[in-house]
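Mind docking these for me? Both chains are given alone in their own frames, and the hints should help you get the complex.
Chain by chain, the residues run as shown.
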Amino acid sequence: DAGVTQSPTHLIKTRGQQVTLRCSPKSGHDTVSWYQQALGQGPQFIFQYYEEEERQRGNFPDRFSGHQFPNYSSELNVNALLLGDSALYLCASSLANGGSTTGELFFGEGSRLTVL
Amino acid sequence: GNSVTQMEGPVTLSEEAFLTINCTYTATGYPSLFWYVQYPGEGLQLLLKATKADDKGSNKGFEATYRKETTSFHLEKGSVQVSDSAVYFCALSESGSARQLTFGSGTQLTVLP
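Going down the list, the protein sequences come from chains A and B. Quick note: the first sequence uses this note's numbering, first residue 1, plus one each step. Quick note: the second sequence uses this note's numbering, first residue 1, plus one each step.
Okay, chain B solo, but in the shape it has when bound (with noise of 0.2 Å):
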C-alpha cells in the first residue's frame, strides 16, 4: 500500500535559518505529491504540490521538487521566520484527483526569535 515517511520532529530553528524537511514515499503508479500545514488553532492548509516528476511546487517561499528517483519531496526554505511555527505534513494522493490522501506524521517545526 502507499505510505509516506517524515523526517521525525520537533524541529526548532531560530529566524531566518535554513529549514528542509525530508519526506519519502511508497506508491504503485506515478501519485501527485503534497505538503499540508497546520497552524496552531487551524485547520490543514495546502502549503504547495507537484503531480509529477521533476515538477517543483512553490508558496510562500517554500519549494519542493517530486524526486521520483528517490521517492522524495523534500520541504525546504530558505530563511524561516517565526510566523513559519507550524506542524508540516507531506501526503500523497494515488489518482491526482481529491480522493484519497496518504499523511505522513507531520513534522513540528518551531521558529524563534
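Bound conformation, chain A alone (with noise of 0.2 Å):
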C-alpha cells in the first residue's frame, strides 16, 4: 500500500520564478492538505483541497494556489517566489469522513524547496 508521495524530492529556483510541487495521496484518501515547514519550525497549513476544490486555506497570500484532480492527487503552484518561500513543503492526506481514524493526517517525506 503506497503511502504519501510527493515530487519533486529537492529543488532549487530563483526569486521570482514559479514553482508547481505534486501530491498522491495514500490510497483510499480523497482530501489532501499543503503544509510548509521552514527550517527548525513545525508545520504551518497552506490549504486542503476536496472534492477538487479548496476547502480551507491558512494565512499564506495568493501567491500560493493549488489543484486537485479526479484521481485525488494535487498540486501545489507558488508564483512569484521569494527568499522566504524556502522551506520544506509537506503533502497530507486524509479520509474525509474518517470515522475512528478522525484526525489523521498521513505525511510525505515533503519537497524541499530552496529560493536564491
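Since the hints were derived computationally from the structure, they do not count as laboratory data. Quick caveat, the model's predicted, so the values are computed rather than measured. No residue lacks a Cβ here, since even glycine has one placed at the ideal position from N, Cα and C. Where hints are given, some of them may not hold.
[Stated by the list, open to error] Incomplete in silico selection of chain B near chain A, CB under 10 Å:
#1 Val-4
#2 Met-7
#3 Tyr-25
#4 Tyr-36
#5 Gln-45
#6 Ser-85
#7 Phe-89
#8 Ala-91
#9 Arg-99
#10 Gly-106
[What the hints assert, rightly or not] These stretches of chain A come out as covered by chain B in the derived footprint (C-beta under 8 Å, 3 or more residues):
#11 42–56
#12 78–85
Encoded structure:
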C-alpha cells in the first residue's frame, strides 16, 4: 500500500520564478492538505482540497495556489518566489469522513524548495 | 487564534531515562490534541491523540493526557530507547477532524546509548 508520495524531493529556484509541487495521496484517501515547514519550525497549514475544491485556507498569500485532480492527486503552485518561500513543503492526505481515523493525517516526506 | 507552545529543544537523554516534553495550547472551543513524530529522513507520523478532556493517548510506550484545566498535553515515556531519537511535534485541530492542524515548533530528542 503506497503511502503519500511527493515530487520532486528537492529543487532550487531563483526569486521571481514559479514552482509546481506534486502529491499523490495514500490509497483510498480523498482529501489533500499542504503545509509549509520552515527550518527549525513546525509545519504551517497552507490549504486543503476535497472534491477538487479548496475547502480551507491558512494565512498564505494568493501567490500560493493549488489544484486537486479527479484521481485525488494534487499540485501546489507558488508564483513570484521570494527568498522566504524556502522551506520543506509537506503534503498530507486523509479521509473526509474518517470515522475512527478522524484527525489522522498521513504525511509525505516533503519537497525541499530552495529559493536563491 | 489557535497556538501550540512546546518545550524548547534540543533534548538529550541517556537510554532508559524518563522523558517529558511539555506542550501547552491556546484554542477556542474544544480542540483535539495530537503528537506527531518525525524520524530522520521520514515524513511526519501520528504518534498519539486525544479528542476530549481527561483522555489519555498512548502508543509505543508514549503517553499524553489531555488536561483542559491547564491547557496542556505533555508527552511522557518511562524509558526511552536510541530508536526514539526524532523530532516531536505537538498539534491541535479545532474541529477534531482532519482539517487544519496547528503545530508547535517541534522538540528534537536525541537518545544516547
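**Request:** Could you check if Ala-91(B) really has its C-beta closer than 10 Å to a C-beta on chain A?
**Result:** Hint on Ala-91(B): holds, closest Cβ of chain A at ~8 Å, below 10 Å.
**Message:** Can you confirm whether chain B covers the region 42–56 of chain A, using C-beta to C-beta distances below 8 Å and requiring at least three such residues?
**Reply:** holds (count 7)
**Prompt:** Is the hint on Met-7(B) kept, meaning its closest Cβ partner in chain A is under 10 Å away?
**Reply:** 13 Å, violated
**Request:** Tell me if Phe-89(B) is really an interface residue toward chain A, meaning its C-beta lies closer than 10 Å to one of theirs.
**Result:** 5 Å, holds
**Request:** Using 10 Å as the Cβ threshold, decide whether Ser-85(B) counts as touching chain A.
**Result:** This hint is violated: Ser-85(B) lies away from chain A, its Cβ roughly 17 Å from the closest one there, beyond 10 Å.
**Message:** Does the closest beta carbon of chain A sit nearer than 10 Å to the beta carbon of Gly-106(B)?
**Reply:** Where the cut-off is 10 Å and the nearest Cβ of chain A is about 5 Å from Gly-106(B), the hint holds.
**Asked** Can Arg-99(B) be said to touch chain A, with a Cβ gap under 10 Å?
**Response** Interface hint status for Arg-99(B): holds (6 Å vs cutoff 10 Å).
**Message:** Using C-beta distances, would you say chain B covers the region 78–85 of chain A, given that this needs three or more residues below 8 Å?
**Reply:** violated (count 0)
**Prompt:** Hey, does the Val-4(B) contact hint survive, CB to chain A under 10 Å?
**Reply:** Since chain A brings a Cβ to about 8 Å from Val-4(B), closer than 10 Å, the hint holds.
**Message:** Hint Gln-45(B) vs chain A: min CB-CB distance below 10 Å?
**Reply:** 7 Å, holds
**Item:** Hinted contact Tyr-36(B) with chain A - closest CB pair below 10 Å
**Value:** OK, holds: Tyr-36(B) within 10 Å of chain A, min 8 Å.
**Prompt:** Can we keep the Tyr-25(B) interface hint, with Cβ of chain A closer than 10 Å?
**Reply:** 12 Å, violated
Violated hints, listed in ascending order, are 2, 3, 6 and 12; each of the other numbered hints is respected by the structure.
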